[in-house]
Amino acid sequence: METRVLGETGQESTVLTFGTIALNWLEQEGANQMVELVLDHGVNHFDVAPAYGDAELKLGPKLRQYREDIFLGCKTQEREYEGAARKIDRSLDRLGVDTIDLYQIHGLEYESELDTITGDGGALEAIREARDDGKIDHIGLTSHGDPGLILDAVDRIDDLETVMFPLNPVVAGKDDGEYDYEAVLERCEAEGIGTLGIKAFAKGSWPPTDELAEADRPYANWYEPVDTPEVIRERFDFAAAQGLDTVVSPGDPKLVKMVLDAASRSEGMDEARQRALIEEARHDDSPVPEQLHH
Amino acid sequence: MSVDGVPETVTAALADRQVEGRVCLEAGAGVGNTTAGLLAAGAERVYAVTNDADHAAAVRDRVGDGTADRLAVVEADLRATPLATDSVDLVTAHGLCNVLAPTDLDAVAAELARVAKPGGGLVVDDYAVPPADAAVTRLFALENAAARAVDGRPALTFYPPAVLAAVFADHGWTVERNETLLDPVPWTAAHLDAHAGVVRAYAAGLPDSLGEPLAAMADDLVSAIGSERTGRMYSLAFRLDG
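Protein chains in written order, with this note's numbering: chain A, -7 to 286; chain B, 336 to 577.
A portion of the hints provided could be inaccurate.
Pair ranges (Cβ atoms, derived) [said to hold, decoys possible]:
1. A/GLU(-6) with B/ASP441: 47 to 53 Å
2. B/ALA445 with A/MET(-7): 54 to 60 Å
3. B/GLY377 with A/GLY75: 47 to 53 Å
4. A/GLU178 with B/ASP412: 39 to 45 Å
5. A/MET(-7) with B/SER422: 52 to 58 Å
6. A/ASP253 with B/GLU410: 51 to 57 Å
7. B/GLU355 with A/ASP107: 35 to 41 Å
8. B/GLN353 with A/LEU29: 51 to 57 Å
9. A/GLU19 with B/ALA524: 53 to 59 Å
10. B/GLU355 with A/LEU29: 37 to 43 Å
11. A/SER197 with B/ASP555: 37 to 43 Å
12. B/SER562 with A/GLU19: 51 to 57 Å
Derived list of chain B stretches under chain A, where covered just means 3 residues or more per stretch with a C-beta under 8 Å from a C-beta of chain A [claimed, not checked]:
13. 340 to 349
14. 505 to 518
15. 521 to 532
Because the hints were derived from the structure by calculation, they are not lab data.
Glycine included, C-beta positions come from ideal geometry on N, C-alpha and C.
Produce the complete structure using the sequences and hints provided.
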């Protein structure tokens, strides 16, 4: 599988990152098999979070077995020092490893959160301290929120090394600043910040629960995904063609194999084809659903 | 990222053209996509020309606010506009030629050459001939049949780029570049319904015995096709000799 330099981290990540939330929906044996499958396809970048149910625990056994082959991203939704420090140690413990390669401030949504994170007693202090102690190697950020806020974070966190944000044809075709993640991509490229794309496989928001109960949703994603091999391949190629360093796989295990296949066989996408996808989706609603507030 | 609702096709077609500070003419303003693109790219002035009053109103609604000093929506026949000779730096025609019958196309090419400054630019974006086996081809054929029954000429003509290049060359335009904008072209349900709407409009002008089946066939085709990706959209950039 193609690899790309992840900003200036020194890491060469596969163009597909395994979103390990998929492991949460599997029993341990199934989780082990999925990790083996992912590794068999050459994927070397995994992403996990304490918010992903039991994913950290289920990733642990195979992660420890193949630690040298895996660049491990993890995250925290904590905004203050104490919580973040505790979560780093908890993730290390649950994963059963000594070091997390990339530790990301997770799900940034509000300017006030950024103030807290970057202020005295903020999560960033704990993350930097953990880096000094050798518990983590690199610092990142994730957000489904306002691209302008992400750019503020880039301005304010001078040791930020990666950013994870949504990118797909619908978002790419939107004009207003609310969806201008391409500005984030351009800024990150200019500053040597690694970029990870999420929601590449989002089709739209789920119908309201009175129309489709959560229990009846056919996929575990918190958005409705595209789910045919052809469209998944198209969405992967589109996201990879935008210049992202790596594209994160969707959260439902049933989709992972198709995405692995797409990433393994990808031959790129020319500009006319990219424009065709954007044009086709130009009047669609954004498939980046409103962030889950916390 | 496109700006102000400008489709990527327009942004891409203008990307290698000098727009900022230029006087521009959008020939066949439609719903204002290219007019918006020209304004967003910094045109000093844009003449948005259309012979359709509804389109003129749509363009004013779309981009009139905040650009009144740079925008003039002109309701005129593109074969004879009120614009002065040698007055325009850059002419654009996005999705225009396919709705011009060959005789009109030649007259429009002449008029665009008249209003453009010597050395001025022209960008023509249009659809290549759709594949014969494409489902949308049946809808376009129906549209043309309805148009011929009412007006005696087709509603749509898909010109290969070489044909447009030759027609404009006859009026002093030299091709500078030819690039593909869309491949394939996504014909969405909304696009197909718009074409069916044209059929229905022509059908309304025909006796019921002819018009009603035509309209029904259009609706049936739209339902049957759903959407389709087929064909190609290209962009030709010209320079006016002189």
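Structure-based check of each hint:
1. A hinted range of 47 to 53 Å for the beta carbons of A/GLU(-6) and B/ASP441 is consistent with their spacing of about 50 Å.
2. A hinted range of 54 to 60 Å holds for the C-beta pair B/ALA445 and A/MET(-7), which are about 56 Å apart.
3. Between B/GLY377 and A/GLY75 the beta carbons are some 48 Å apart, a value that agrees with the proposed interval 47 to 53 Å.
4. The hint said 39 to 45 Å for the Cβ distance between A/GLU178 and B/ASP412, and at roughly 43 Å that hint holds.
5. At roughly 56 Å, the beta carbons of A/MET(-7) and B/SER422 sit within the given window of 52 to 58 Å.
6. Checked against the hint of 51 to 57 Å, the pair A/ASP253 and B/GLU410 passes, with Cβ atoms roughly 54 Å apart.
7. Taken as a hint, the range 35 to 41 Å holds for the pair B/GLU355 and A/ASP107, whose Cβ atoms sit roughly 38 Å apart.
8. A C-beta distance of roughly 53 Å is found between B/GLN353 and A/LEU29, which places it inside the suggested range of 51 to 57 Å.
9. In this structure the hint that A/GLU19 and B/ALA524 lie 53 to 59 Å apart at CB is violated, the actual value being about 42 Å.
10. Between B/GLU355 and A/LEU29 the CB atoms are about 52 Å apart, so this pair departs from the stated range of 37 to 43 Å.
11. For the pair A/SER197 and B/ASP555, the beta carbons lie near 32 Å from each other, so the given range of 37 to 43 Å is not met.
12. Taking 51 to 57 Å as the suggested C-beta distance range, the pair B/SER562 and A/GLU19 does not conform, at roughly 40 Å.
13. Against chain A, the stretch 340 to 349 of chain B contributes 6 residues with a C-beta closer than 8 Å to a partner C-beta. That satisfies the three-residue criterion, and the hint holds.
14. Only residues whose beta carbon comes within less than 8 Å of a beta carbon in chain A count, and the stretch 505 to 518 of chain B has 4; three or more means the coverage holds.
15. Only when three residues or more bring their CB closer than 8 Å to a CB of chain A does the claim for the stretch 521 to 532 of chain B stand; here the count is 3, and the claim holds.
Violated hints, in rising order: 9, 10, 11 and 12; the structure is consistent with all others.
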